[in-house]
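As you go down the protein sequences, you meet chains B and E in turn. Under our numbering, the residues of the first sequence are numbered 31 to 290, in order. Under our numbering, the residues of the second sequence are numbered 135 to 423, in order.
You may find that some hints are simply not true.
Said to hold, decoys possible - Listed next, the in silico PhoX-like pairs over lysine-lysine satisfying Cα-Cα at most 20 angstroms (straight line):
| id | chain 1 | residue 1 | chain 2 | residue 2 |
| --- | --- | --- | --- | --- |
| 1 | B | Lys64 | E | Lys268 |
| 2 | B | Lys258 | E | Lys371 |
| 3 | E | Lys371 | E | Lys314 |
| 4 | B | Lys258 | E | Lys268 |
Claimed, not checked - Chain E is nowhere near these chain B residues, computed Cβ spacing over 12 angstroms in every case:
| id | residue |
| --- | --- |
| 5 | Thr38 |
| 6 | Gly71 |
| 7 | Thr73 |
The hints are simulated quantities; they were obtained by calculation from the structure and are not laboratory data. Model, not experiment: these values are computed from the prediction. Glycine included, every Cβ here is placed at the ideal spot set by N, Cα and C.
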Amino acid sequence: MTGRRWLTLHGVLVLLFLYLPIAVIVVLSFNESKYGVAWHGFTLKWYRQLLEHTRIHPYVWNSLIVATVSTFLSTVLGTLLALGLARYRFPWRGGLLFLLYIPVVIPDVVMGVSLLLFFAWVQRAFDALHLGLTTVILGHVSFQIAYVTLVVKSRLAGLDPSLDEAAADLGAAGWTRFWKVTFPLIAPGIAAAALLAFTLSLDDFVITFFTAGPGATTLPIYIFSSVKRGVTPEIHALSTLMILVTTLALIAVQRVQARR
Amino acid sequence: MNKPTRWTRLLPTLGPGTVWLLVFTLVPTLLIFYTSFLQRDPHGWLSGPLTLENYRRFFGIGPDGIDPLYLEILGRSLLLGLVTTVATVVIGYPFAFFIAGSPRKNLLLLLVVLPFWTNFLIRVYAWIVIFQRKGVLNALLGHFGLDPVLLYPSWTAVYVGTIYTYLPFLILPLYASVEKIDWTLLEAAHDLGAGRLRGFWHAVFPQTLPGLIAGVLLVFIPAVGTFVISDLLGAGKAILVGNVIQQQFGASRDWAFGSAAAFVLMAVVLTGLWLYARWAGERGMEELV
Chain B
31 MTGRRWLTLH
41 GVLVLLFLYL
51 PIAVIVVLSF
61 NESKYGVAWH
71 GFTLKWYRQL
81 LEHTRIHPYV
91 WNSLIVATVS
101 TFLSTVLGTL
111 LALGLARYRF
121 PWRGGLLFLL
131 YIPVVIPDVV
141 MGVSLLLFFA
151 WVQRAFDALH
161 LGLTTVILGH
171 VSFQIAYVTL
181 VVKSRLAGLD
191 PSLDEAAADL
201 GAAGWTRFWK
211 VTFPLIAPGI
221 AAAALLAFTL
231 SLDDFVITFF
241 TAGPGATTLP
251 IYIFSSVKRG
261 VTPEIHALST
271 LMILVTTLAL
281 IAVQRVQARR
Chain E
135 MNKPTRWTRL
145 LPTLGPGTVW
155 LLVFTLVPTL
165 LIFYTSFLQR
175 DPHGWLSGPL
185 TLENYRRFFG
195 IGPDGIDPLY
205 LEILGRSLLL
215 GLVTTVATVV
225 IGYPFAFFIA
235 GSPRKNLLLL
245 LVVLPFWTNF
255 LIRVYAWIVI
265 FQRKGVLNAL
275 LGHFGLDPVL
285 LYPSWTAVYV
295 GTIYTYLPFL
305 ILPLYASVEK
315 IDWTLLEAAH
325 DLGAGRLRGF
335 WHAVFPQTLP
345 GLIAGVLLVF
355 IPAVGTFVIS
365 DLLGAGKAIL
375 VGNVIQQQFG
385 ASRDWAFGSA
395 AAFVLMAVVL
405 TGLWLYARWA
415 GERGMEELV
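With the rest of the complex left out, here is chain B (with noise of 0.2 angstroms):
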């Protein structure tokens, strides 16, 4: 059993490399120092300057449009992509899936220099598209598209046909058949894949970074710019916040799917 033993070692190192960093940024946001990393008493003051700063009021809310919006549109045509795929046979499947999976393959980089670059060509051709929130969520909506289509079709992929064609023997219509029969059966995948895409929306920087105009600055835009000019607690309280949300929400997700 001394492998084992080994196993267990190894396990719990990983786990503190792991947690080591995000622990270091949650205690020290309870730091009365402002600078260096010494231990000078236990505050919450830097929660409030934060909250008290109106200043990233308006990147929490392009964050939600964003993450809002985007979700919404992959979650239709990524649903729909997704039920075609599953259902139909045509002979450019190979060419679909192909490009569907282009922004899953890619590096994030190449992906958002190359809609930087088409965002600029369709402004000097049609005077459209100028970089603002709008190029942002079609950035967003473009990367999530492959998620939501491959997490719903992977729950159509487990359906039992027999109940489709079970509801068309007994004459029920296609949009019919779909609403009465199919959705009901893949909703919680459908609302899987919404979650997913709502949160690589929320997460996203590089995209974000080559899409985003002057006036369209995210929550991750705005980190990133702060902790090019120094680390400050301010920091360390806003990275904490999003930490917990994030804890709570897959504490949440699990719950969830435990039930079922």
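Knowing the structure of chain B, use the given hints to seat chain E on it.
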């Protein structure tokens, strides 16, 4: 069921998404390729005629031989991708077995997923706090009477930050394979007289291969293309292909050259993926999500 579906049924489901992908994914990707053969014009925009100049510059082919500036940068990116991949495999492979064999599987999985979902800028930022001159590491070293080390900014910091950032990307798909392992195969191998090592190599390792390879790609692709980690932890001194692309599309404003660099990076990644897709097929591509 073997006949292709009529297009009137395909259009409402596949139509909108396909159009979106053509306009916002295919066209921009083709534009990068096209622009890489253009030149920057005096007005800060792009113009023809089509030329190989940007690629000549990237590969450093000049009248007096090869200038390896950008080739070296590409090499550094590949090295970072390779070292990160190997390191995450060495750290993550036993860890996936640790999770699978633990009675608290779900908790451990949650503990890996949490850093995975924590904003990636925050995870990189944490290493600045640890490595900076008056950071956590030096405070700790000072506590034990040791001399301080200057790890921020440095390549060491970039490597540690990259490995840290992408470790969960390897563990999660790998764990999915490890959890499904059919251990009776190992018993059979032992019954047939295979030792521990041979038994593992022939009966267990092949079963982990799908998750391992998916994980390797999920680590290698973003690591080789990163510009954020090198920018933050190298403080502008660690230059990778990603940084070259970002600079050309930013401050330097030579989009034609930036497009050539982006295309080279894309070609490197797509070659690896093409090999993977031939090996794994459509099911294998789905493991990447």
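Handout entry: Hints that the structure is at odds with (numbers, increasing)
Key = Hints 3, 5 not satisfied by this model.
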